[in-house]
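**Student:** The listed protein sequences correspond, in order, to chains A and B.
The opening position of the first sequence corresponds to residue 16 in the working numbering, with each subsequent residue numbered one higher.
The opening position of the second sequence corresponds to residue 8 in the working numbering, with each subsequent residue numbered one higher.
Bear in mind the hints are in silico, worked out from the structure with no lab data behind them.
Check the hints yourself; a few may be wrong.
Derived pair list, reagent style DSSO-like, types lysine-lysine, alpha-carbon separation capped at 27 Å [stated by the list, open to error]:
1) A/Lys241 x A/Lys336
2) B/Lys21 x A/Lys405
3) B/Lys149 x B/Lys117
4) B/Lys117 x A/Lys377
5) A/Lys445 x A/Lys481
6) B/Lys21 x A/Lys403
7) A/Lys481 x A/Lys409
8) B/Lys12 x A/Lys404
9) A/Lys403 x B/Lys25
10) B/Lys14 x A/Lys403
11) B/Lys81 x B/Lys25
12) A/Lys488 x B/Lys305
13) A/Lys336 x B/Lys14
14) A/Lys488 x B/Lys25
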Amino acid sequence: MKIDIEKLNNIAGENNVSNNIADLYAYSSDASVHQAMPTVVVRPNTIEEVQKIMRYANKNKIPVIPRGAGSGTSGHTVPIDGGIMLDMKQMNRILKISPEDMLVKVEPGVVDDDLNRALKPYGLFYPPAPASSRIATIGGEIAANASGVRSVKYGATRDYVLGMKVVLANGDLVNLGSNTRVHSSGYQLERLIVGSEGTLGVVVEATMGIRPLPKFRCLAVANFNKLEDAGNAISDIISSGANPSMLELMDNIGIVAVNKALDLGLQEVGAIILFEADGNVKEAVDFEIEKMKRICEKHNGFRIEMSYDLAERTKIFSGRKKLFAALSRYKEGIICTDLADDMGVPNSKIAQTAGKIHEIAKRNNVIMAVYGHCGSGVIHTKIMLDPKKKSQWKDAEHVIEELYDYVHSVGGVTSAEHGIGLSKAPPWKKARSDIVPVMRNIKKALDPNNILNPHKLMDAPDDWVKATNLRYKVVA
Amino acid sequence: MPNVKFKRSAKWEKELNKCIRCGYCYELCPLFKSFNWESDTPRGKLLLIYGMITGELKPNQEIVDKIFSCFYCKNCSDNCSAGVPVTDILTDARADLIQAGFEVEGTIVKIDEDLCSVCGVCVPLCKYEALSIKEQGKDERKIVVDKVECRGCGLCVAACPSGAISQIEGCEVTLPELHAKVSELLKENKDMKALVFICNWSLFPGMQLSESPTLVKTPYGLIVSMCSGRVAPELVLNAFEEGAWGVMVAGCPPEECDHNGNYKARRRLVLLKNVLKELNIEPERVKIDWFSTGESAKLSKAIDGFVNDLDKLGPIKIDVKKIIGG
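Go ahead and model the full structure; you've got the sequences and the hints to work with.
**Tutor:** Rendered as structure tokens:
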């Protein structure tokens, strides 16, 4: 692919343009199993620079892949056809904190935790908090419609997007949405961008709603001998009308892994549930916690411990927060791969889905941990396998096919909060063949030259294993 | 390009497979914060090493430069719940690349032979035995750096009486950069009374995670140094010249410093206090204290106490610029 590096140097400055092999290779992968190198990496610093880059790319039909923290799990930012990797992390200014309007204006490279640290002195917070909030950028969270541990009470990124500035494929800058909590002024285009995985435009500024920080937070942990009991307790808590601000599940595989990785000394029971309530009136928080505790006990939950203390809560939660990587420590010879990672199921199907996952994994010679924000119906799994063995990737393919057939059959979704990218595209396209052509029409209208993150979502290859190189050396 | 046999680093392939590339390793990486490219992140470097040992990536100077850029603060390994020994892998990759004959720089210290008097002060200072005196012929000696063992901590840079040792620019670790930082902070914030040097290893991670210092106006300024042992006396004097009422150095407790830099800082500041007395500057304007990882609350309290003490002392009564400059 021919790209005029001089032209890009003139736009973004030569310190922000690189086509040396060290950079191209480093940007060839995210947190997924995929790998493919861009042709050049550019780090814009202003909206005008992004516009100029898009105008150049559109004219010359060069793919552009916007990228935040590179923590995507399904190959969203892996450039199948090369092209310009647009690293947005340098546009990381918090432009405005407005307690009076309860909103913030941020550039897309602002890191979630940094935003929350800046909001804390105002007694405010930005609720969507994926486990990767320490590095995840607001732009990336918009692209994936990230949600996280507090989604059960506070919802997902889409619930906080009020407006945004977006550079379209042709370089035009558009202002979408509003500064108000609601609007009924035409298509909700700002919401169209949410979850679009960089295929419709480059977010260059976002106006996000914020909330007051609750005065009290109480976190509890309940132990269960059986995963099924824990799953049923979660379904019951939700249908009882309780109002948890967090409701997390972790199975035995997850517990063993975090014990190995972090030496937490958790009792290696069948499963644990972490549940939290928050609010400004302590009695109300106590009431919610007590209500959830009783439901856990009804489902054979035991040794239920709780704390209001921040240090104690951080300790209890640390295992969950670091579980993703810790799974690589579960058993010698196998590692954690980010596959089949975040399906969503209706509340009543949590326990049976959790059981089914273990059953499918066992039948296909892999190990799968079950955890996640199950209060929101989000079930995280990871396929743990020996990446050097070719047969294990075949096993993974079978698991994915079987698992998603099941999830869709019970009314679930392919991805609840990580997005489709490359590796989840085949099962998603199979289940949602009705909307694929609609999405293609929208894409064509906004990006007729198909330059924005091409070959993702509805345009991703049908075989995820062959979509790109795997980033592991497979030998036999 | 030299032909590299990855004898030492090939053994890490299994560990490298464990890296899920979550990226938590770069949250507190000082090198990434300075340069902001994916190839500066620990996970980026691990990917480069993986590419090289599996034969997919041919080593070249650009890759080597990245592999040799690391301050070994180990914030990455500490944050890796997959347990990937990032810096151990890096060290072995460095050894392989050096053995193959690559020219390396990165964060490794450099000796200016024209300035170096071969006094040898730096040699016993280096905990990693990365510095030694090499006899060259009859009367010729020079200091040599073991580029595999050098961790880039820079204690030797701060200790060298001839200013002959230098380090990579752009990470705010060289003396001129630290001087510029001191001046910039105090010029931009006329109400700033104290400067606090905090150690990147023990304290800075916690401080970064507590609240954003840029948004909260404080009567003190924070400067990250790669180790308390990096705080040269002239930095303290520079702060006084620029109008600071006092300087605090926050280092790791005795026995906890990776480089024994805390002892060196303490010794140096005791000597400095004696000099201050001679200059009629109250020695209590300089304070050194120890804090472990995660003791950012204790540090905040200590800083508040120090600022209170400075309030009682008021500004320095003599013209420091005139005395030092003269």
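**Student:** Would you mind marking each hint as holding or not holding in the structure?
**Tutor:** Taking the hints in turn, this is what the structure says about them:
The hinted pair formed by A/Lys241 and A/Lys336 meets the criterion: a straight-line CA distance of about 22 Å does not exceed 27 Å. At most 27 Å may separate the alpha-carbon atoms for a hinted pair to count; B/Lys21 and A/Lys405 meet this at roughly 16 Å. As the CA atoms of B/Lys149 and B/Lys117 are separated by approximately 12 Å, the hinted pair is consistent with the 27 Å bound. Simply put, B/Lys117 and A/Lys377 have alpha-carbon atoms about 56 Å apart, too far for the 27 Å limit, and the pair is violated.
For the hint pairing A/Lys445 with A/Lys481, the CA-to-CA distance comes to about 17 Å; that is within 27 Å, so the pair holds. In summary, the hint linking B/Lys21 to A/Lys403 is supported, as the alpha carbons are separated by about 9 Å, within the 27 Å threshold. With a C-alpha separation of about 12 Å, the suggested pairing of A/Lys481 with A/Lys409 holds against the 27 Å cut-off. Pair hint B/Lys12 plus A/Lys404 holds up; C-alpha atoms about 25 Å apart against a cutoff of 27 Å.
Between A/Lys403 and B/Lys25, the direct Cα distance comes to roughly 12 Å. Compliance with the 27 Å bound is thereby established for this hinted pair. For the hint linking B/Lys14 to A/Lys403, the alpha-carbon distance of about 20 Å falls within 27 Å, and the restraint holds. As the CA atoms of B/Lys81 and B/Lys25 are separated by approximately 18 Å, the hinted pair is consistent with the 27 Å bound. Pair hint A/Lys488 plus B/Lys305 does not hold up; C-alpha atoms about 47 Å apart against a cutoff of 27 Å.
A C-alpha spacing of about 36 Å is found between A/Lys336 and B/Lys14, which places the hinted pair above 27 Å, so the restraint is violated. Restraint check: the Cα-Cα separation between A/Lys488 and B/Lys25 comes to about 13 Å, which is no more than 27 Å; the hinted pair holds.
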